[in-house]
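Following the hints, position chain S against chain F.
2 protein chains.
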Amino acid sequence: MLGWKIPTLEENTNTMRLILFSAVMLLIGCQGPMTKQQNSEPEKAFGIVIHGGAGTILRKNMTPEMDKAYREILQTAVATGHAILAAGGTSTEAVEKTIHVMENSPLFNAGKGAVLNAEGEVELDASFMDGAQLDAGAIAGARTIKNPISAAIRVMNDSPHVMLSGAGADQFAAQQGLAQEEADYFLTERRKKALERVQAEEAAANQTSAALLSSAFLQQQRIGTVGCVALDKMGNLAAGTSTGGMTNKKWNRIGDAPIIGAGTYANNASCGISATGWGEYFIRSVVAHDIAALVAYKGLSIQEAAHEVIHGKVAKLGGDGGVVGLDNQGNVAMEMNTPGMYRAHMDAQGKLTVKIYRDE
Amino acid sequence: MLGWKIPTLEENTNTMRLILFSAVMLLIGCQGPMTKQQNSEPEKAFGIVIHGGAGTILRKNMTPEMDKAYREILQTAVATGHAILAAGGTSTEAVEKTIHVMENSPLFNAGKGAVLNAEGEVELDASFMDGAQLDAGAIAGARTIKNPISAAIRVMNDSPHVMLSGAGADQFAAQQGLAQEEADYFLTERRKKALERVQAEEAAANQTSAALLSSAFLQQQRIGTVGCVALDKMGNLAAGTSTGGMTNKKWNRIGDAPIIGAGTYANNASCGISATGWGEYFIRSVVAHDIAALVAYKGLSIQEAAHEVIHGKVAKLGGDGGVVGLDNQGNVAMEMNTPGMYRAHMDAQGKLTVKIYRDE
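Keeping their order, the protein sequence lines are chains F and S. Residue numbering for the first sequence follows this note's numbering, beginning at 191 and increasing consecutively. Residue numbering for the second sequence follows this note's numbering, beginning at 191 and increasing consecutively.
Just so you know, these hints were derived from the structure itself, not from any lab. Warning: the hint list may mix true and false statements.
It does not matter which identical chain is used: a pair holds within one copy or between any two.
[Said to hold, decoys possible] With a cut-off of at most 27 Å between alpha-carbon atoms, the simulated DSSO-like pairs for lysine-lysine come out as follows:
1. K503 to K488
2. K545 to K258
3. K258 to K503
4. K423 to K506
5. K336 to K382
6. K440 to K336
7. K503 to K423
8. K234 to K287
9. K545 to K234
10. K541 to K506
11. K336 to K302
12. K382 to K423
13. K287 to K541
14. K383 to K503
15. K488 to K258
16. K506 to K488
17. K250 to K382
18. K506 to K382
19. K287 to K545
Chain F on its own, in the form it takes in the complex:
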C-alpha cells in the first residue's frame, strides 16, 4: 500500500552525514556514548504467563464451545494481570488478581470447581513466592477459603509462618478477614460425577490406588491446577499456584502446588516458575527450584532449563505435567510433556499468546 518514497536531497545529505559519523565513531572505537545518545534507557521488560493445568487435553474431546470458553477465560485472566503491570503495579498484585479470575471460574481445578477428595469435599492448596525478598506463603488442605492464593499471600505477610494446613489454614484466613465460603460454593456437578466415576472404578475393579492413579480418566481429573508468574517494571518476579489437587485423594494428601520449590518458586536472581501436573513426581523432582538452579548455576536459558526438567527428569521418573515461567529479563517458558496445557502469555508490548494443545 505504501509505495517506496524517493528521498529528498536534504534527507540524502543527512543519511550521508550519519553514515560518515558512524564510520568515524566505529574507527575510534567509541560506540558506547553513541549508543547512549541514540537510545534513552529502554523501559524495563515486564510480562505475565499463566497456566490452567496440563494433561491429556485433546482436540477431539473438546467441543468448540469449551475450546472458546477456555481461551476466553485464559485471555481475561492474563489481561487482568497485564493491566496491573502496565500501570506500574507489583508482580505480587498481578499474580494474585490473575489467579483470582481462574479460582473463581468453575472451569479450573482451583477454588470454585475444585476436584473432590474421597469424602466428597474440596481440600484447597496454594502457594506464593516473592522473588525480591525470597519470601513465601502457602496453605494446604483448606476447605472454606474462597481464594486460596490470597490466603497464601497473607500467610507470607501477616503470620510468622510460611505454611499452614487444614483447619488451621481456614481459621487463619477467617481471622484475616478473607472471604469464606460454604461447601456448596465450591461444589460443581462435573466434579461430583467425576468422583462418583472414580469411586465406582475403584470399587468395581478392586484396583490399588496406584493403578487407579494411572488410569486415563483419573489423570484427566488432575488437570486444572492454575498458576501465574509475573515480572513487574521494577524487575521483581513473583509466582503463585492454586489447586484442588486430585480427585478421590485420601489421608489429607498434599501435592506439589503448596510446596515452595516444587510447585512454586521465584527468585529475582534467576526466574519464577509455577508447575502443574502429577504432584508426587513434581515434589520428588523439586521441579520449580531445579529449573531456577539450572538457570542460576549452569547458565541455562529458562527454556532449556524447563525443557531439561520436564522432558528429561520428570518424564524419566514417569511423571507428567508442565510449567510456566519467566526469567528476570522477561523471557518466557511454557513447557509440558503432556498433549496439552491451558496457557497464556502477554509481554511488555501487549503481545498475547493463548494455547491449549501442543501447537496452538
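Relative to the frame of chain F, chain S by itself:
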C-alpha cells in the same frame, strides 16, 4: 619398627621389569588394564551422619550430666545405623533405625518429647528420601504416630502419594499397622513448662508472634529436630528428618522438616542432606535441594555447598540452623550458623565424631 628391607636380586629384577612394563604401557597410552591389575576394586565407601537439632546450645547452660547424656544418645544412634551399613544393610534401613533411637528419646524434639503446639498437643512432621529412586515420603501434623520417620517411609512405599497430613496421616499409619501412641506418651514436663512460659510471655508482653519468634527462649524451643543421612555399600544415599516443629505453633503450621527439598533431599548423583533450624527460612531457601544443586551443577564440594547455603543464603535472610550431609563418595558436611548443633558422624572405618558446640 619395620626396618628398610634390602631387596633380593629377584625382587630387583621384578622391580626393573615392572618399571619397564609401566614405561611401555605409559608410552602406548594403555594405563587402564595396568591400574586394574595393580589395585583390586576398593570396598565402597559408606558412612552415616546425624543431627539432633541446631541452636543456641552453649556450654555455660549445659550441665556435665546433660552434656554426657546427649553425647551418649548421639553415639548410640549413629552406631545403630553404622552397624546396619557395615553388615551390608541399606541406607534406608540405617536412616530409619537411627532416627528411631532419637525419636524414642525425650532429649530431642521429635516423637516422644516433641514440643507442644498452642493447644498443648504434639504435631509431628517427618520426611524421607531415597537417593537411588528419587522416591520420597512425608507426613505433617500427625498426633498419634510413635515413629514419624517410619510413617514417611510407608507413605513412600505403600501409598500412591508423597505427603500426607493431619488426621489423614495418623489414619494411614494406623491402617499400615504402625505403632500408635496416646497423647500422654509424647508429653514431657519439660515441654509443658516451655509452652507455659512462651504463652505467658505472649500474654504479658502482648507481643506479635513474629517478635516472639525471635526471643532467645523461643528459639531454644525449636532445637531438637533430628535427622540422618546414610550412604550404603551399594552407593545409595538416603536422608530423613523428624521433628515436633516449634513450641506454641498455631494454625497447623508446617515447617521445613516434612518438605522434600527444604528439610530433606537425597540424590545418588550428588548428595543427601537433612536440615534443622528455623523452618520458615529453610523452606524459603529450599535448603536441602539447593545444596545438592550447587554440588551437581556448580561442582562445589558438599562442604563448600553447605557452607554457602547455611552461612551465606540462609544467614543473609536472617535464618539460623544447620545441616548434615554426605555426598556419593562418603564426604561429610556438618554446617551450622548457630553456636551449637548436636551431631555425630561415623565413616567406613568406624571413626566416630560426636560434637555439640562449635568445635567439640
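For each hint, the structure was consulted:
{"no.": "1", "hint": "K503 to K488", "verdict": "both (16 Å within a copy, 18 Å between copies)"}
{"no.": "2", "hint": "K545 to K258", "verdict": "within (11 Å within a copy, 64 Å between copies)"}
{"no.": "3", "hint": "K258 to K503", "verdict": "neither (33 Å within a copy, 46 Å between copies)"}
{"no.": "4", "hint": "K423 to K506", "verdict": "between (38 Å within a copy, 25 Å between copies)"}
{"no.": "5", "hint": "K336 to K382", "verdict": "within (19 Å within a copy, 36 Å between copies)"}
{"no.": "6", "hint": "K440 to K336", "verdict": "both (22 Å within a copy, 21 Å between copies)"}
{"no.": "7", "hint": "K503 to K423", "verdict": "between (33 Å within a copy, 25 Å between copies)"}
{"no.": "8", "hint": "K234 to K287", "verdict": "within (22 Å within a copy, 55 Å between copies)"}
{"no.": "9", "hint": "K545 to K234", "verdict": "within (26 Å within a copy, 51 Å between copies)"}
{"no.": "10", "hint": "K541 to K506", "verdict": "neither (34 Å within a copy, 38 Å between copies)"}
{"no.": "11", "hint": "K336 to K302", "verdict": "within (7 Å within a copy, 38 Å between copies)"}
{"no.": "12", "hint": "K382 to K423", "verdict": "neither (43 Å within a copy, 50 Å between copies)"}
{"no.": "13", "hint": "K287 to K541", "verdict": "within (20 Å within a copy, 57 Å between copies)"}
{"no.": "14", "hint": "K383 to K503", "verdict": "neither (34 Å within a copy, 48 Å between copies)"}
{"no.": "15", "hint": "K488 to K258", "verdict": "neither (40 Å within a copy, 46 Å between copies)"}
{"no.": "16", "hint": "K506 to K488", "verdict": "both (20 Å within a copy, 23 Å between copies)"}
{"no.": "17", "hint": "K250 to K382", "verdict": "within (24 Å within a copy, 62 Å between copies)"}
{"no.": "18", "hint": "K506 to K382", "verdict": "neither (33 Å within a copy, 48 Å between copies)"}
{"no.": "19", "hint": "K287 to K545", "verdict": "within (21 Å within a copy, 50 Å between copies)"}
Violated hints, listed in ascending order, are 3, 10, 12, 14, 15, 18; each of the other numbered hints is respected by the structure.
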